[in-house]
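J.: One letter stands for each residue in the lines below.
There are 2 protein chains.
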Amino acid sequence: MNSGFANLPRRSLPEQGVAEFREAFGDRFVTAEAVRRHHSRDESPYPECLPDAVVFPHDEAEVAHAVRLCDRYRVPIVPFGVGSSLEGHVLPIEGGITLSMAGMDRIIALQPEDFTVTVQPGVTRTQVNDALRDTGLFFPIDPGADASIGGMAATRASGTNAVRYGTMRENVVSLKVVTASGEIIRTGSRARKSSAGYDLTRLFVGSEGTLGVIVEATLRVYPRPEAVTAAVCSFPDLADAVQAVVDIMQSGIAIARIEFMDQRAVRAVNRHSRLGLPETPLLLFEFHGSASGVQEQAGIVREITGDHGGSGFDWAEKPEDRARLWAARHQSHFAGLQLRPGARSIATDVCVPISRLVDCVTQTVADLESVDFPYTIVGHVGDGNFHVQMLIDPDSPTEWQEAESINRSLVHRAIGMEGTCSGEHGVGIHKMEFLQAEHGAAGLELMRVLKHAYDPHNIFNPGKVVAWDAQS
Amino acid sequence: MNSGFANLPRRSLPEQGVAEFREAFGDRFVTAEAVRRHHSRDESPYPECLPDAVVFPHDEAEVAHAVRLCDRYRVPIVPFGVGSSLEGHVLPIEGGITLSMAGMDRIIALQPEDFTVTVQPGVTRTQVNDALRDTGLFFPIDPGADASIGGMAATRASGTNAVRYGTMRENVVSLKVVTASGEIIRTGSRARKSSAGYDLTRLFVGSEGTLGVIVEATLRVYPRPEAVTAAVCSFPDLADAVQAVVDIMQSGIAIARIEFMDQRAVRAVNRHSRLGLPETPLLLFEFHGSASGVQEQAGIVREITGDHGGSGFDWAEKPEDRARLWAARHQSHFAGLQLRPGARSIATDVCVPISRLVDCVTQTVADLESVDFPYTIVGHVGDGNFHVQMLIDPDSPTEWQEAESINRSLVHRAIGMEGTCSGEHGVGIHKMEFLQAEHGAAGLELMRVLKHAYDPHNIFNPGKVVAWDAQS
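Top to bottom, those sequences are chains A and B.
Following UniProt numbering, the numbering of the first sequence begins with 1 at its first residue and continues without gaps.
Following UniProt numbering, the numbering of the second sequence begins with 1 at its first residue and continues without gaps.
Since the hints were derived computationally from the structure, they do not count as laboratory data.
Be a bit skeptical, because a hint or two may be false.
[To be verified] Label pairs and their computed distance ranges (CB to CB):
id, chain 1, residue 1, chain 2, residue 2, range
1, A, Ala109, B, Thr398, 40 to 50 Å
2, A, Ala109, B, Gly306, 31 to 41 Å
3, A, Ala109, B, Thr362, 19 to 29 Å
4, A, Gly342, B, Gly299, 53 to 63 Å
5, A, Trp468, B, Gly342, 56 to 66 Å
6, A, Ala442, B, Gly342, 14 to 24 Å
7, B, Asp247, A, Pro319, 21 to 31 Å
8, A, Gly252, B, Gly26, 44 to 54 Å
9, B, Arg74, A, His452, 16 to 26 Å
All residues carry an ideal CB built from backbone N, CA and C; glycine is no exception.
Starting from the given sequences, assemble the full structure and let the hints guide the process.
T.: Here you go:
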């Protein structure tokens, strides 16, 4: 994996194709090396991989035209949002065109009375919330990075609010997508529910650019709660904290956020964000509701944490304190990177049924005790999802191998516990090897059949999610 | 539509195939007319249509064997739960085998700590709740009938609790499915969320038996709320009631149920279930939460209903009173049928963005005023979904035409309002003509491509959802 993608065959546009792109896009068809390099990697540990050209479309009709050209010349086309994916999703490993969605960043419509907002794919999650500011509504899905909505839909992203509000799976109402034949389809209506045929929306959510290009998304948004309170609670050890989570979930209260950080992750965010959090295993909570409802929820949670040795249930009631706390949590990936300057990060992403979470985390910690490189653990533990961030020396083959071996063991452990290799980061390149263990050969074959049926010339982000079968 | 399906070509098993079915299933391969007739219709207004034989499998391996035989002989195979579908879903209009799932009715596993339960497809929704009785948990999805879980997953069913708990789309965690090649796949893990590849679970939810046969379902279940209260509120007219719903939804309170009944529907359930509800347009509410939370929600709702002329906010606090109220609501389909003995019912099922609900309902009532047959209106109005039940004389071609014409206008009105032709009943035969208007030719073509890719010999419930294209 450290060796790059030089040995993969690249499929490049012929001269005629280049001419047609130039004619259609003018100076928005860019072959300058600096721009290609800027689109050559994501937050995964993979080495850079440059596209042949980067195209900057203005609207869906231009995306459709680019797709038609790529389909005609059998050349890969890879959508690129902000490049914050973690598994190599946006690396153009078979060459071709990278489609920068950065210029498609319009808020198309606010429909506050229907709790929906329609945006172009280059809009980021914080831009959605900025647009909602005066409506009393908010969009809850918050991966660590300020990712683009197109990328978040494509990877079925989630974040710290998923335990209450769901993931992109539940919060994409419908999409507009460009298909391989260059047609623009709408995957669904704006109704809250529908039984009118196959669920094309959920088919494209999580398809990682391999079945079509997302050119518009209608999202579900929520009333901003009347009252919000956050709290931080320290635990003597990791297992106690995780067991407290299990008990809180089983109490059935509708908690909005319930996040875990191990002492190393706390130390990293303390340094990076100048916070003074206690450097022990922590749980971070947020409660949404009416003023009295929030008090009631917090009271129950305080009692349960106390039963598990939790202490120092510190409140963050002021909006600015809460904002600092969650900003720090969201920056934990970057904070972690600073624990070891020059390191690259390999982040795991398993998700297991909550009843198996304590076992899964503690067995993983035992594995991690055998290696020398630093690591942190954070988790959306209310969902059974946690991340180990392993900080490796990119020039050390030993560390690469150790980290990959720990990830591999962890994935198989999670699958053995009826969990998944990826809770929210997606498959990209890095998780492809695990899909057969998770879905079985026949399940994976159904995915492959779908890929071949929707993308007959294998132009859409090739080499990701499922391997192409040249025989079929 | 009144003329039956006699002119469609039927595909029947050759003698050799019959012999192989008899060898595998013995006396559970049934050709007796009474049994075939029992599987010849659903709750749609279509005339009966008998399968060539009914097979009663015991387990998933037997389903896989039946599918392999049907695939080999290119013979249709139609899964049948309890026959409560409303759009002709289970009618074997091209002949072949009907697969009764009635005998596959085991609760396979309860995982209360993970809020999941795994069942065979023949288990009904009330059987799921009976199995959960001692766990403190419940399964919220409640179509009117006591439908089978397999059928509910296949039609993406919902019901009165969807406004808070979602539909089968949100509450099927994973499925086991038999594919056309007779393999048994699992569509996902038991993790609460996953980004590990294409969403096969959501692909089979709502596929109406046209892509594979569901042989197991893992469902999400919920803690039974600490407190539950229901209330009934009368309105001077329909538009006031619907406008109150819009305002309640916009208040953002997490109401569990918010149901509308017009005065005709109330009269029908009063007679059928011996209730004394006021015979005016009504809203029925249910609140779930802590004791104080429920009071708080009800107080807000009472205030909003008062602003819209609502009166007589009558409480149903005792569990038995609530049970009677919701049982009556669930039986409104059958209660309605008794308004006109001998009538057949055509039920509409549109769902629109909540901001368009008042217009959609009032324009539809204007259409209904022009016809002579009786009708009722009920609705899961918190979702923007409502049903007109039209009670027609099955021997009157005029009434058929009038009812179909009203349905057609209503569907196009809803689609024009960014809504859907089906909120929860599904497509079956009856809604196929509307899918192109709703999804566009290119969207519908994506569905057809999927059908051809997953069911190359068109054996799975042929003639439903999308038309087969013999050319492709």
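J.: Check the structure against each numbered hint from earlier and tell me which ones fail, lowest number first.
T.: 6
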